[in-house]
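Asks: Line by line, the protein sequences are chains A and B. Mapping to the working numbering: the first sequence position 184 is 184, numbers consecutive. Mapping to the working numbering: the second sequence position 129 is 1129, numbers consecutive.
Do not rely on the hints blindly, as some may be mistaken.
Reference excerpt, derived from the structure (chain B facing chain A, CB under 10 Å, subset only) [to be verified]: (1) Gly1042; (2) Ala1175; (3) Ile1221.
Footprint (simulated), chain B over chain A, 3 or more residues, beta carbon under 8 Å [unchecked claim]: (4) 79-88; (5) 111-117; (6) 134-147; (7) 176-183; (8) 223-229.
Treat the hints as calculated values from the structure; they're not laboratory data. Small disclaimer: the values here were computed from a predicted structure and weren't measured. The beta-carbon is built from N, C-alpha and C at its ideal position, and this holds for glycine as well.
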Amino acid sequence: MLKIGVPSKGRLMEKTFDWFGARGVTMARTGNEREYSGAVDGVDGVELVLLSAGEIPRELAAGRIHLGVTGSDLIRDKLADWDRQVVDWAAMGFGHADLVIAVPAGWIDVDTLDDLDAAAAAFRAAHGHRLRIATKYHRLVRDFLTANGVADYQLVDSQGATEGTVKNLTAEAIADITSTGETLRANHLKILSDGLIHASQATLFAARAADWPAANLSALAALAARLGLPVPQVSG
Amino acid sequence: MIAKAAIRAEAERLHAAFVAAGAVPVEADILLPAETLLDLYGEDIRARAYVTADPMAGEMMLRPDFTVPVVQAHMAGGADPARYAYLGEVFRRQEHLDGRAREYLQVGYEVFDRAAPQADAEVFALFAGLLADLDLRPATGDIGILMAAVKGLSTTDRRRQALLRHIWRPRRFRALLDRFAGRAPMPPARAQLLDRLAADAPAALIAAAGPLVGLRSAEDIAARAEALIEDARAPAIAAPEAALLYDLLSLEAPSRAALAHLRGIAPLLPAIGPAVETFAARLDALAARGVDVDRLPFEASHGRTTLEYYDGFVFTFAAADPALPPVASGGRYDALTAVLGQGRSIPAVGGIIRPSLVARLRGAV
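Bound conformation, chain B alone (with noise of 0.2 Å):
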């Protein structure tokens, strides 16, 4: 009790350092609709989340994080530019038996700022200041110049959409970047697909297959064969280019090293150039509020593997002992707030510190 009532303390301190940098406090449901989060996250989040039933509304989720309801409230009305803070539980379902907590608190700040790489500064610096006593190893990176690089890349649009599907997994993308780039040979089982596919039209093949049952229809199979053809004769990304994107994914160095590293690729694949120089105005942003980005690290795949919606700048602070989850974290999320927006979207950065391992590492609890 004592420990929680410690814990609290330390949150609200947290939320009044928010409030007094210009945010306005909101609250946010407990209890979720269960279908928007899924269509956001898809079935994974169920293995991170408390699912349960209400008689009249269906399956609701216990809030796992704040942004979803704090979007939805901003889309439905919000100014323009703004800027929240929040504080509450959330809760995360645990599938190991020494879990993390299953809920804790988080104190958060978001901003909804069409100037990008000041507000992406402004949260950064904001947060870096609040935890600077702590020792903690930042970590940032920005998934905007990898989905800049993927759309650039010379191949089909199939190709292009695939990649970027799979951004926030890197393993399913890796073996996609792989086979388009000719690096991993064609699986056996899809080589034999191809034949059978060659063999008759796709209409005779599905009718050979017996009766055709359930909502995908014969069309949808059609369109699909025809597409694997397609892709089959596509030539393979080019060597260099690919070269290239496999550098990118690997890029680590302090920010101002990485940046001098990604303006001499930009030349070679010229659809980062935009999303690099926000890049650096970011940088200059920060710097000016007094972040060493000299120093700073900077990893182009920091933050995929996240559920997060996260399209562009993402950050961490961690604590030195490996097993803690991050003290802070955050990004931002514009393509998250176009899904939820009905037609409408705005830029938007923030992110959360746990108050519970600020209080642990102050010695508080």
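This is chain A alone, in the form it adopts within the complex (with noise of 0.2 Å):
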């Protein structure tokens, strides 16, 4: 059986199910309301495997699922060399959200990379340590200033309300996905100008490391050919 990963609840789930469904391939919970099991129509040797958005990328970079629908930005920052192990299949135009360096916007004097480094720098002679960037996306996050050569700041780990760590002083600077910037400017922050880490949206991936005999090669190429998608090179 071919196994495709689904965020399990919300917004995404919905997107998701309506996605495949505007294309003919209906999916479905099946059981009660709170059981984790669902159901494929439309295409045969597909099953659907529900699970938490943020645990896809693990699996489809174990092999467990063989397609997995999940954010672009949690690819890229829990997978490492993310195109050696899923191939992007299908970008499906939801779910958007930007992964964003944002600052005080009282920082008049701080509007790109460059400007953050020189106050990083500046912040870091002053107060005696480096300057604190709030995040949860880590990777995404410190290769990006390592390729635009910031230096003198640290990456604190933030999971949840990190547009609030600046105010509660546990961090000078944030890294965090928005949408309409509607929460960075309640919190008084502002968006760098060059500070846009990942433009991500809801994709669909497919695994290189999962199994893949013949019969569920013509599962995909049938989902494919349902979805009017190209077939992924998953092999080779």
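With the hints in hand, could you dock these two chains into one complex?
Replies: See the structure below:
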């Protein structure tokens, strides 16, 4: 069976079901409302696996599911060399969110990464510790700042309410996802003009590490035909 | 298992050679406090080292190299001068699927001695002798000359500090130099920022932006705003002086020829004079130890992309296969001893050999 991992609840699940439904593949939860099981109609040999969106990258990397729907930000942050572990099969056009670097709006002297770097050097000299950036996207943010030559910062982990860390004095700046920027503004933060790290959206991925015997490859081809997508190169 | 035993035997042979050269064997902890390494190397080290958590001691790192613990031990009460040898595993996190080894043995030799050019030559010649049969390609450089050139630039202290801070990030350094030398136009974002800053006093602009949150204070912000305005008024680094620095960054030549070239530009860039004479003294000391300095390659920018705190002589010995990491590498790290020495410092130079590569090149594994 070709296993496809889909977020197990909320808008991401509903939008995913809608996306497949619009292409003739019906997905539905089965059993009672609280039971995490589902069914796929419209294409043979495909099994639905309901998972937390945050766990789908790991399951794809391990090859325990063949296909998975999750945010492209999570794949890039959680998987080393992500494009060698999964195939970016189809951008699904929903779940848009930008991972950005934001600083207090009152930092009138800081507009770019170049400014952030200079401010970090001065901050460290004045306050005795590196400038703290709160985030949960450690790999993406660190790679981005390294590539842009920003130094004298430190990442502090924040798994939620990240916009509040600056006011609470546990960070000086943040790197977090935003769609409208409203929460940032409400917390007196602004986005750096070159601070877009990744424009994320819900994406259908295929796992290179999964088992791809002939039966699964033909199910994949049938699904691709139904979805109107090219067949992804999952092996070789 | 056989391979590991062969590598360890090679490591022990190299270690014994270091001890025979006068080094005291030292040991270092495998679990090191993460804070010290993070403060030195910045957040980048997290991509290269394994971090673990101790319930009492907080974040710890699996030893990514021996330099920091050996310097700390020396600064806490070592003899002066001193020579140390060590042998043990280092651990390197790999962020790529076909990454290099995650744990491997290093054998190292570190010299704490105020006679710097002689100590540089001692380490290089010792390594060259031990690896002589492997037909390796040596490369050398001297970050001290580059730093002296930056310190001597006729520009604002702030610009000199910004360049010095990014010596180990060549791309960033180049971008800053291009801007300070007037070779790159001011980015539009910076021009707009300056226009805004010119519109009113910093305090008024901050107030207009709404409530100021966070630890970075209005004073911090105003100070940088003033610095930006001041910098915009400062003239570009004069073209002839900038040209000398660009020339220096790309200097690659056999060592004696490089010295002649540097002596040629020293009258125009007097700040590099003492560093160039240190280079000359090192070449003499190397020649006295039998190194062929007429042919020894020199690159002024060598060693600038490492995480290390090298600030003088740097060297590597590489095998013909470009996919392999250097078989040996090292350099001078005087500034590191000052950072870790709590007010004291001592000139220091050292290097490491990867016995796994030596064993491989000798056909032992």
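Asks: Hint by hint, say whether it matches the structure.
Replies: Results for each hint:
1. Checking Gly1042 of chain B against chain A by beta carbon gives a least distance of about 5 Å; that is within 10 Å, so the hint holds.
2. Because the beta carbon of Ala1175 of chain B sits about 7 Å from the nearest beta carbon in chain A, less than 10 Å, this interface hint is met.
3. Because the closest C-beta pair between Ile1221 of chain B and chain A is about 5 Å apart, less than 10 Å, the hint holds.
4. Given as covered by chain B, the stretch 79-88 of chain A passes the check, having 4 residues with a CB less than 8 Å from a CB of that chain where 3 are the minimum.
5. Residues of the stretch 111-117 of chain A with a Cβ under 8 Å from some Cβ of chain B number 5, which satisfies the need for three, so the listed coverage holds.
6. Counting residues of the stretch 134-147 of chain A whose beta carbon lies closer than 8 Å to any beta carbon of chain B gives 6, which reaches the threshold of three, so the coverage claim holds.
7. Remark: the stretch 176-183 of chain A is not confirmed as covered by chain B, as 0 of its residues place a Cβ nearer than 8 Å to a Cβ of that chain, below the required three.
8. Coverage of the stretch 223-229 of chain A by chain B is violated in this model, with 0 residues showing a Cβ closer than 8 Å to a Cβ of that chain against a need of three.
In summary, the numbered hints that this structure violates are 7, 8.
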